[in-house]
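Using the numbering used here, the letters of the sequence shown correspond one by one to residues 190 to 423.
What the hints contain is simulated information worked out from the structure, not anything from laboratory work. Hints are supplied without guarantee of correctness; some may be wrong.
SDA-like mimics (lysine to any residue), calculated; alpha carbons at most 25 Å apart, straight line [stated by the list, open to error]:
hint, residue 1, residue 2
1, K321, T220
2, K325, T363
3, K417, W405
4, K278, R195
5, K222, S282
6, K417, E295
7, K224, S416
8, K325, H360
9, K224, T385
10, K417, K255
11, K278, Q365
12, K224, F364
13, K255, T385
14, K222, R299
Only a predicted model underlies this, so the values are computations on that prediction, with no experimental measurement involved.
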Amino acid sequence: MTDIQRALESLKSSLCPEVDVGGLVSRNATTHKWKAPWRSLLLRATVAWRLHDLLEQSRLLAASNKMLGARILLRSAFETLAVLVYLNKTMRSVTTGTLDFHEFSEKTARLLLGSRDKSTSLESINILTVLKSADKRYPGLEDLYFALSESAHPNYEGMLLGYSKADRQNHVTTFQNQWNTLYGSNHGSAIIACLTVFVGEYNEEWEAAFEALEIWIQEHDDELEASKPNSEGT
Numbered sequence: 190m191t192d193i194q195r196a197l198e199s200l201k202s203s204l205c206p207e208v209d210v211g212g213l214v215s216r217n218a219t220t221h222k223w224k225a226p227w228r229s230l231l232l233r234a235t236v237a238w239r240l241h242d243l244l245e246q247s248r249l250l251a252a253s254n255k256m257l258g259a260r261i262l263l264r265s266a267f268e269t270l271a272v273l274v275y276l277n278k279t280m281r282s283v284t285t286g287t288l289d290f291h292e293f294s295e296k297t298a299r300l301l302l303g304s305r306d307k308s309t310s311l312e313s314i315n316i317l318t319v320l321k322s323a324d325k326r327y328p329g330l331e332d333l334y335f336a337l338s339e340s341a342h343p344n345y346e347g348m349l350l351g352y353s354k355a356d357r358q359n360h361v362t363t364f365q366n367q368w369n370t371l372y373g374s375n376h377g378s379a380i381i382a383c384l385t386v387f388v389g390e391y392n393e394e395w396e397a398a399f400e401a402l403e404i405w406i407q408e409h410d411d412e413l414e415a416s417k418p419n420s421e422g423t
């Protein structure tokens, strides 16, 4: 079993099986009468489930020399990772006083329930906004995403580079699948990079940020009640 397989098996074994609201209320009734922490838990869990699914399928496609599909799935995995980084940063922003709690609550709703096709009542946060925020914590993440996007789109790389070779001396273009030749050697390291950042954000940063948020909400509950918008649920 490769290092990537072992890492993905470890992630699979740690996926959250459920989120029990009753358990949250028992943990801290004041904090967990508010919906935002619950949404944060759901977001963390679904990011992990989706990330594992995407990376496992990307690994399998790469092992079968299906590198274009592998890169497109890896691109989606980095988008998914960026959501967790963005969530953790916004939790920290609440506790440091740079983001209003009710605005944070709205962000969690849009991250969890937002859509672009109007299938839900909320508009999702633009993924480029999420990626730009995540890139401030992990410089280079956005560049990696854009590099993967070049493969995903039917532009120069996605078309001509991916499927042809030019013999400029004889002015002949031949067609063949170039994806594994172009990217097969570094795909595994990109998966590992995605997993490494995820593990730190999931196991360490999220837990620390979430616990700080729980304490902050309890300490500021009266203020939050007084400033609660009419549409805000507890």
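Worksheet item: Honestly, which of those hints from before does the structure not fit?
Response: 1, 2, 4, 8, 9, 10, 11, 12
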